[in-house]
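Listed here are the chains, written in short residue letters.
Protein chains: 2
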Amino acid sequence: VMALRHYTLDFSLSAPVDSASTVPGLLSIFHEQEMTEIVHDTRGHGYLATLVGKNGRAFLSSLSPQLLNALETKLKALLNGNITRIKRLPALVRGAKVDRYLPTTDGRLVEYDIDRLVYEEESAYQNIKIFHSKQFGNILVLNGDVNLAESDLAYTKAIMGSGKENYAGKEVLILGGGDGGILAEVVKQKPKMITMLEISFLVIDGCKMHMRETCGDVLDRLKGDCYQILVEDCVPVLKKYVKEGRMFDYVINDLTAIPITTEPEEDSTWEFLRLILDLSIKVLHPSGKYFTQGNSVNMTEALSLYEEQLGNLSCPVDFSKEVVCVPSYLELWVFYTVWKK
Amino acid sequence: VMALRHYTLDFSLSAPVDSASTVPGLLSIFHEQEMTEIVHDTRGHGYLATLVGKNGRAFLSSLSPQLLNALETKLKALLNGNITRIKRLPALVRGAKVDRYLPTTDGRLVEYDIDRLVYEEESAYQNIKIFHSKQFGNILVLNGDVNLAESDLAYTKAIMGSGKENYAGKEVLILGGGDGGILAEVVKQKPKMITMLEISFLVIDGCKMHMRETCGDVLDRLKGDCYQILVEDCVPVLKKYVKEGRMFDYVINDLTAIPITTEPEEDSTWEFLRLILDLSIKVLHPSGKYFTQGNSVNMTEALSLYEEQLGNLSCPVDFSKEVVCVPSYLELWVFYTVWKK
Numbered sequence: 003v004m005a006l007r008h009y010t011l012d013f014s015l016s017a018p019v020d021s022a023s024t025v026p027g028l029l030s031i032f033h034e035q036e037m038t039e040i041v042h043d044t045r046g047h048g049y050l051a052t053l054v055g056k057n058g059r060a061f062l063s064s065l066s067p068q069l070l071n072a073l074e075t076k077l078k079a080l081l082n083g084n085i086t087r088i089k090r091l092p093a094l095v096r097g098a099k100v101d102r103y104l105p106t107t108d109g110r111l112v113e114y115d116i117d118r119l120v121y122e123e124e125s126a127y128q129n130i131k132i133f134h135s136k137q138f139g140n141i142l143v144l145n146g147d148v149n150l151a152e153s154d155l156a157y158t159k160a161i162m163g164s165g166k167e168n169y170a171g172k173e174v175l176i177l178g179g180g181d182g183g184i185l186a187e188v189v190k191q192k193p194k195m196i197t198m199l200e201i202s203f204l205v206i207d208g209c210k211m212h213m214r215e216t217c218g219d220v221l222d223r224l225k226g227d228c229y230q231i232l233v234e235d236c237v238p239v240l241k242k243y244v245k246e247g248r249m250f251d252y253v254i255n256d257l258t259a260i261p262i263t264t265e266p267e268e269d270s271t272w273e274f275l276r277l278i279l280d281l282s283i284k285v286l287h288p289s290g291k292y293f294t295q296g297n298s299v300n301m302t303e304a305l306s307l308y309e310e311q312l313g314n315l316s317c318p319v320d321f322s323k324e325v326v327c328v329p330s331y332l333e334l335w336v337f338y339t340v341w342k343k
Numbered sequence: 003v004m005a006l007r008h009y010t011l012d013f014s015l016s017a018p019v020d021s022a023s024t025v026p027g028l029l030s031i032f033h034e035q036e037m038t039e040i041v042h043d044t045r046g047h048g049y050l051a052t053l054v055g056k057n058g059r060a061f062l063s064s065l066s067p068q069l070l071n072a073l074e075t076k077l078k079a080l081l082n083g084n085i086t087r088i089k090r091l092p093a094l095v096r097g098a099k100v101d102r103y104l105p106t107t108d109g110r111l112v113e114y115d116i117d118r119l120v121y122e123e124e125s126a127y128q129n130i131k132i133f134h135s136k137q138f139g140n141i142l143v144l145n146g147d148v149n150l151a152e153s154d155l156a157y158t159k160a161i162m163g164s165g166k167e168n169y170a171g172k173e174v175l176i177l178g179g180g181d182g183g184i185l186a187e188v189v190k191q192k193p194k195m196i197t198m199l200e201i202s203f204l205v206i207d208g209c210k211m212h213m214r215e216t217c218g219d220v221l222d223r224l225k226g227d228c229y230q231i232l233v234e235d236c237v238p239v240l241k242k243y244v245k246e247g248r249m250f251d252y253v254i255n256d257l258t259a260i261p262i263t264t265e266p267e268e269d270s271t272w273e274f275l276r277l278i279l280d281l282s283i284k285v286l287h288p289s290g291k292y293f294t295q296g297n298s299v300n301m302t303e304a305l306s307l308y309e310e311q312l313g314n315l316s317c318p319v320d321f322s323k324e325v326v327c328v329p330s331y332l333e334l335w336v337f338y339t340v341w342k343k
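Residue numbers (our numbering), protein chains in the order written: chain A, 3 to 343; chain B, 3 to 343.
Just so you know, these hints were derived from the structure itself, not from any lab.
All copies of an identical chain are treated as equivalent in the list; a pair is satisfied when it fits inside any one copy or across any two copies.
Okay, derived cross-link-like pairs now, DSSO-like style, lysine-lysine, Cα gap no bigger than 30 Å in a straight line: (1) K89 with K136; (2) K342 with K192; (3) K99 with K76; (4) K78 with K99; (5) K159 with K190; (6) K210 with K89; (7) K291 with K192; (8) K291 with K225; (9) K323 with K190; (10) K225 with K210; (11) K241 with K323; (12) K166 with K190; (13) K166 with K192; (14) K323 with K159; (15) K166 with K323.
Here the structure is a predicted model, which means the values were calculated and not measured.
Hey, can you work out the whole structure from these sequences and the hints?
Here it is, written out as structure tokens:
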């Protein structure tokens, strides 16, 4: 099955146009291509016609770039002086083998320079895809959301405190982080011990193979000189740490924005978020820091709700935030630093 | 005139589908909305129908989000197990008052979070627009190309040598730079003198009013303690400087990617580029540096051609390049540093 290229001409007019004065001129272009129109009865709501090519192929599949040029030129001539704006948009490709449209968090249509799918697995938790992008390298996409690309060291730096922290000799806890980006960067600073709690072995496995620019070789084994990766749901482990009175100098929450585990106590996404936050703050050393990603800077309501949660924790905290440009996100992203009051 | 929201359902199938088995089920959804179909003769090339609402309004304007949900659900049920991918794309808005689609240099469709046009002028050289974006602040757009947004300090830093240079006490020449970003940042480093050659007074005027985050107050007057702005075509001025034997420690070429002047000697864009490069290198101190923006990292052919030009200059040069993420560009961008061998 061939992908369909859907061309759109976007224009706006300074005054209404009578279809009788423009339509015949436009139709002549299609008639030259031996296309025939069926005019629909819109009862005065504008003019609508469907054009079908001579071999029965529909309007869209018959449109060549030359025909589009002719259409645009003719439209400009016919509506001379009345056009305030005219532009041909890049074709929308439908039914393509690889999906290049990964909308932003704030719902905008963006086309990625994705040319192939390099990994796909359906885990018990989520759909895992790794795409190749010409400019961003490989991109990890979980349940349709862009998580991290090999170009996105800016994400890892931001969620580690933007270069203002010193991890040498410290106890570090990473929640999620299956792409290995944070682990690979923290390891370089020679911490005392990093514990990483990642629920999905398949994410680790895919990234180990296809996100080497991000993870280097830290995912090649689950245990290194100064780190251990536990392939487990973080909630029960955090609860155990709380019971044992374990403390960390840094807790880095790199879980996906939408939680994927289902613990009995979570009535909603927000309650789950608060549960994770509460447990994380409980295992945080009094002088420690908790880092997390927030959301798109345009998701002002979600960000406000999150900040509200920070005021509802069993232990009072303060926070700061930073707006960072993560290359593959195509939208600015908010990161939080949280500490005990 | 209302903007039109164009919804698209993108899906792909693992096997061909007989329209007789799926179409009646789908049509029932439209019939419930009292829409009627006209079926087109595609002579075996698939199924094509146009649906018109009961009041004569066409298919698209009658589609409510509820109807789209119903359509998607029904399609999933009818094609159960045969769908490899299905996704509703964010609506393509056509005929909107403000154009939100500014395609990338490599021709991808991207929708900006633009909510209004704050400035527009048609100069002798180009169309100048400044849009407001929720996340990027104001964005300067010249002839439809995104030039710089208030969020784009990364661009200015990159074209100044990424923080590795010391401009204190230096002679600096800026070509273009009408948004004032480079001027504002270099001024902070107390150079001996900055000369900026910007052809368009209207660009300066628009940015002075609407790009304050970028230019601060440096555009408020054309002369400051350590800078002067000459509102002139850079080519004749550069030629005069060459004749006079003037030298600069830094030459920063911030001209738009596509040249806007028409000098008699330029047979093509590339010849013009080489002319500017040649003149710039001639006024560059032997130990000086020339900085410029290149192109999207995906425009590999254009980048190669540019690098070829660097080998054809009257004075032999070496160069290095860096890939930088400029927030509002939505594509990675290449910057060059050039110096005399």
